[in-house]
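Below are the chains, spelled out letter by letter.
2 protein chains.
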Amino acid sequence: MTISGKQLIGEARSAEGSIHFQARNPATGEALPVLFTEALSDEVGQAVCLAESAFPAYRDISNEARALFLETIADEILALGDTLLDRAMEETSLPLGRLTGERGRTMGQLKLFAKVVREGSWVDARIDTAQPDRQPFPKADIRQMHIPLGPVGIFGASNFPLAFSVAGGDTASALAAGCPVVVKAHPLHPGTSELVGQAILAAAKKTNMPNGVFSLVHGRGVDVGLAIVKHPAIQAIGFTGSLRGGKAIFDAANARQQPIPVFAEMGSTNPVFLLPSALTAETAAGFCNSLNLGVGQFCTNPGIVITDNSQQAEHFVESLGTAIKGATPGNMLSEGIKQNYEAGVEALQQAEQVAVKATSQIAEHKNAVSGYLFSTQAAAFMTHRHLEEEVFGPATLHVRADSSEELIKLAASLDGHLTATIFGTAEELKENEALVSVLQRKVGRLIFNSFPTGVEVCDSMVHGGPFPATTASQSTSVGTGAIKRFARPLCYQGFPQEALPAAIKDGNPLGLHRMIDGEIIKD
Amino acid sequence: MTISGKQLIGEARSAEGSIHFQARNPATGEALPVLFTEALSDEVGQAVCLAESAFPAYRDISNEARALFLETIADEILALGDTLLDRAMEETSLPLGRLTGERGRTMGQLKLFAKVVREGSWVDARIDTAQPDRQPFPKADIRQMHIPLGPVGIFGASNFPLAFSVAGGDTASALAAGCPVVVKAHPLHPGTSELVGQAILAAAKKTNMPNGVFSLVHGRGVDVGLAIVKHPAIQAIGFTGSLRGGKAIFDAANARQQPIPVFAEMGSTNPVFLLPSALTAETAAGFCNSLNLGVGQFCTNPGIVITDNSQQAEHFVESLGTAIKGATPGNMLSEGIKQNYEAGVEALQQAEQVAVKATSQIAEHKNAVSGYLFSTQAAAFMTHRHLEEEVFGPATLHVRADSSEELIKLAASLDGHLTATIFGTAEELKENEALVSVLQRKVGRLIFNSFPTGVEVCDSMVHGGPFPATTASQSTSVGTGAIKRFARPLCYQGFPQEALPAAIKDGNPLGLHRMIDGEIIKD
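Just so you know, the sequences run in chain order A and B. The working numbering puts the first residue of the first sequence at 3, with every later residue one more than the last. The working numbering puts the first residue of the second sequence at 3, with every later residue one more than the last.
Think of the hints as simulated: they come from the structure by calculation, not from any bench. Any given hint could be a false lead.
[Claimed, not checked] Cross-link-like lysine-lysine pairs, in silico, BS3-like; alpha carbons within 25 Å at most:
#: 1; chain 1: A; residue 1: K524; chain 2: B; residue 2: K524
#: 2; chain 1: A; residue 1: K507; chain 2: B; residue 2: K432
#: 3; chain 1: A; residue 1: K411; chain 2: B; residue 2: K117
#: 4; chain 1: B; residue 1: K141; chain 2: A; residue 2: K113
#: 5; chain 1: A; residue 1: K232; chain 2: B; residue 2: K411
#: 6; chain 1: B; residue 1: K249; chain 2: A; residue 2: K232
#: 7; chain 1: A; residue 1: K141; chain 2: B; residue 2: K524
#: 8; chain 1: B; residue 1: K432; chain 2: A; residue 2: K141
#: 9; chain 1: B; residue 1: K232; chain 2: A; residue 2: K117
#: 10; chain 1: B; residue 1: K249; chain 2: A; residue 2: K432
[Stated by the list, open to error] Simulated DEER-style distance windows between Cβ atoms:
#: 11; chain 1: A; residue 1: G99; chain 2: B; residue 2: V224; range: 55 to 65 Å
#: 12; chain 1: A; residue 1: K117; chain 2: B; residue 2: A436; range: 29 to 39 Å
#: 13; chain 1: A; residue 1: G496; chain 2: B; residue 2: E500; range: 35 to 45 Å
Since we're looking at a predicted model, the values are computed, not measured. Quick reminder that beta carbons are idealized off the backbone N, C-alpha and C, glycines included.
Make a model of the complete structure from these sequences and hints.
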């Protein structure tokens with residue numbers, strides 16, 4: 003596989019534009035081979051129209067064929083071998099172990115979605131049988147199932163070049179739902195993006211998918227992304243990135259003549275509450291480790307840690323400070339991300355009533371940064387709302403509450419986050435029921451006694467949460483629940499058996515769990 | 003029960019404002035007793051804050067208690083007896099039979115939601131059990147269920163003073179989900195609204211619900227509604243009404259600091275496709291009946307009928323014209339609705355390439371109107387997009403397609419609608435697979451051989467559809483699926499058994515259908 007630097011418009015390649023860019027190794031600043039061409043809005047239009055033309059065929063293929071497509075994508079990604087891993091390392095300077103693990107996660111995700119598609123019950127089939135003799139009016143035969151929305155636009159994330167990028171969770175769930183996908187490659191890893199895009203196209207060809215089921219376009223600025231969002235044939239958006247980027251897309255999607263749903267995961271600060279028994283050196287070590295994973299560039303990075311004002315809390319903060327001083331965060335994914343991080347750190351340094359407790363060592367890479375531990379009081383935190391904002395990187399803010407009432411008040415003052423974590427004993431958790439009750443309203447995932455980094459891909463995961471964590475708190479972007487984001491219910495009334503989709507035919511030919519006259523059964 | 007004309011702010015009554023209004027009998031223009039006071043934004047704030055304070059308690063009551071509350075609302079509505087029916091007749095001039103039927107539907111809806119709440123599986127409980135020995139990382143115990151969003155604002159509809167108003171489908175589904183409700187009464191039936199509001203409050207008291215679980219405010223203009231939408235404690239909106247009203251609420255909700263979901267059902271034109279065998283006098287009689295139900299003031303009213311250009315189609319149009327000429331539509335729900343209808347009819351009369359085929363008789367009531375049959379060709383319909391817009395009332399537009407290709411093209415050109423209907427034989431339906439395939443993308447409900455009016459309240463109903471039919475095509479506002487609009491998934495990771503909600507505890511104490519390690523079972 004070679005990298006062309008062109009848009010992948012279905013099976014065709016196109017580079018009509020005159021704006022070019024190169025990827026850079028973030029650890030060295032070195033420009034990497036291949037000149038990428040930004041997509042013209044015409045090329046975006048071609049990709050979307052091809053997706054639209056592929057939709058009826060792709061929507062109607064069998065579950066087995068669609069599952070096989072997803073599994074073949076996983077195989078083709080693996081078949082890229084070192085070509086993919088080498089390029090990803092150059093573009094992100096993430097270590098090989100991390101990228102190999104992330105590749106495994108990406109493939110696992112595709113295979114899990116294939117399993118869900120093959121099993122088929124995710125369409126939530128419901129049948130209400132006719133009652134022709136009902137008084138005063140007969141009841142018609144009514145059946146419901148979920149159908150795919152249509153072409154979906156997806157924005158790859160910077161910080162997971164594989165698992166939340168071109169063939170990541172958003173693409174896997176949209177393809178699983180039956181939606182063709184147009185991906186905007188993240189400009190920080192365009193070569194990795196093209197290689198994965200080629201793998202998807204190879205899988206599409208091998209499994210006879212319609213041309214247009216997948217396209218990939220490049221762009222560094224906002225224009226290419228907005229061209230996708232504004233195209234009338236696009237029916238939903240999947241996005242992982244910043245609050246600013248996600249909110250701009252959300253606003254553009256709502257300003258369309260036909261507004262469309264935007265599933266934007268925009269990160270969060272993931273408050274961690276430490277109850278007294280958890281104020282230990284062991285927790286501090288674990289916290290420091292979680293904070294520095296991926297140089298803090300995870301949306302579940304623990305950016306706030308809340309304790310009481312005890313002596314033990316002081317000891318914990320000292321231990322955490324010592325751990326952070328001893329750490330050497332690597333380099334960040336780009337100069338821009340580094341600058342944003344440093345601006346965030348600077349704002350905390352300048353903030354009233356916020357003290358710097360510890361600063362880490364700094365590595366000798368181009369975009370290396372220091373980790374930071376800041377500290378403040380709950381009253382100050384609640385007064386200065388910007389202290390709650392995400393600083394994307396290895397910085398965390400310790401917040402000290404003077405009483406359990408103040409702790410609850412602080413929790414109640416929080417905005418939406420992806421996660422909240424509580425460390426303590428089961429007894430302490432019981433004593434803090436009120437805290438749990440408040441935090442339920444703030445997040446998509448409540449964690450007890452483990453750190454928020456590490457998001458399991460499974461049926462029960464919720465990677466989501468109230469705004470500003472996401473624009474769609476009723477959904478998840480990780481786990482099999484993510485499929486439903488790209489589907490909607492359709493109901494058939496009075497249709498003859500032979501005209502119904504298999505999922506809602508009599509005799510249950512697909513062997514699904516279905517709701518029949520109010521009972522969930524596998525009939 | 004007497005009507006006070008005041009806001010019902012939980013158990014308190016309030017009328018601090020200085021703007022007053024009266025309801026009018028639409029058939030006579032007569033002003034009806036009781037002066038209603040518009041809510042001040044302070045009063046709206048009190049209602050929402052009381053809802054917010056009631057939320058933690060209401061959220062945490064047992065399924066049985068919540069089901070009993072819903073059933074008791076139904077009982078209390080019935081207990082209002084003739085007081086309710088008489089006032090509703092005065093305010094709407096709808097016939098007693100219709101209102102009695104609608105009351106039954108409203109009560110049936112509440113009882114169906116009670117059944118769903120009592121059974122409990124709607125929360126979609128999912129459990130992934132821990133795998134402490136998994137390599138390379140242990141898998142945590144992760145569990146998911148749906149939780150209520152918080153206080154919900156609901157806007158009653160003009161055209162269903164009971165079933166889509168104060169205790170209608172939106173309120174029933176929000177209360178079922180566990181959300182307190184603040185209703186803005188529709189100003190065309192404020193007395194009916196207050197009576198039903200009193201019934202809800204009586205039920206809340208009898209079943210020991212927290213004060214604030216329900217409030218009702220009055221307002222004729224947009225201010226009271228916008229005060230609800232903009233209040234930071236409101237977490238979702240349910241709305242049934244016009245495109246203009248729904249879109250304004252949608253835009254206001256998205257402009258909030260925290261955008262919130264808006265489930266606005268904004269009506270549609272419900273195209274009816276007649277295949278050759280259905281071009282009969284019988285279909286014409288049925289169509290005319292459906293068109294005139296509720297004086298055409300149903301969101302599923304058949305506003306467009308599409309045929310081929312055959313001789314039989316001409317005969318059908320003649321029969322339909324004769325039927326319409328013989329009909330005498332009653333009076334509309336208000337002078338404003340009548341004026342809007344007449345403006346819509348006037349626009350069709352003035353439209354190029356549109357002919358008036360028939361006009362009905364006119365009754366001798368104040369707001370009586372004529373029914374209309376217009377006719378045009380597919381090419382004109384596709385050129386002049388305004389011909390697709392809803393004319394709320396007993397007018398319909400016949401569209402003639404010159405070929406089956408043009409029929410498909412016309413279907414593909416349609417905007418989103420609540421329903422599309424096909425009449426014909428099973429063989430004709432099979433021959434028109436391409437039409438079905440196109441219409442799937444346009445609507446929430448596809449109907450074969452019956453008219454779109456009459457929306458069954460059941461598990462498989464979808465009363466929804468792509469924009470502009472609704473602002474939330476992934477939901478339904480009728481049927482038990484409506485509950486999910488007011489809930490979101492929350493996931494618990496690593497929680498001890500005693501700290502988990504009952505729905506996701508080991509041993510399945512609530513007896514739910516749950517997904518355990520990927521299998522849907524009642525464990």
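Taking the hints in turn, this is what the structure says about them:
1. K524/A to K524/B: This hinted pair holds, its Cα atoms lying about 12 Å apart.
2. K507/A to K432/B: OK: K507/A and K432/B at ~15 Å, within 25 Å.
3. K411/A to K117/B: violated (37 Å)
4. K141/B to K113/A: holds (18 Å)
5. K232/A to K411/B: holds (23 Å)
6. K249/B to K232/A: holds (18 Å)
7. K141/A to K524/B: violated (29 Å)
8. K432/B to K141/A: holds (24 Å)
9. K232/B to K117/A: violated (43 Å)
10. K249/B to K432/A: violated (45 Å)
11. G99/A to V224/B: 55 to 65 Å: holds (58 Å)
12. K117/A to A436/B: 29 to 39 Å: 32 Å Cβ-Cβ, so the 29 to 39 Å window holds.
13. G496/A to E500/B: 35 to 45 Å: Violated - the Cβ-Cβ distance for G496/A and E500/B, about 50 Å, lies outside 35 to 45 Å.
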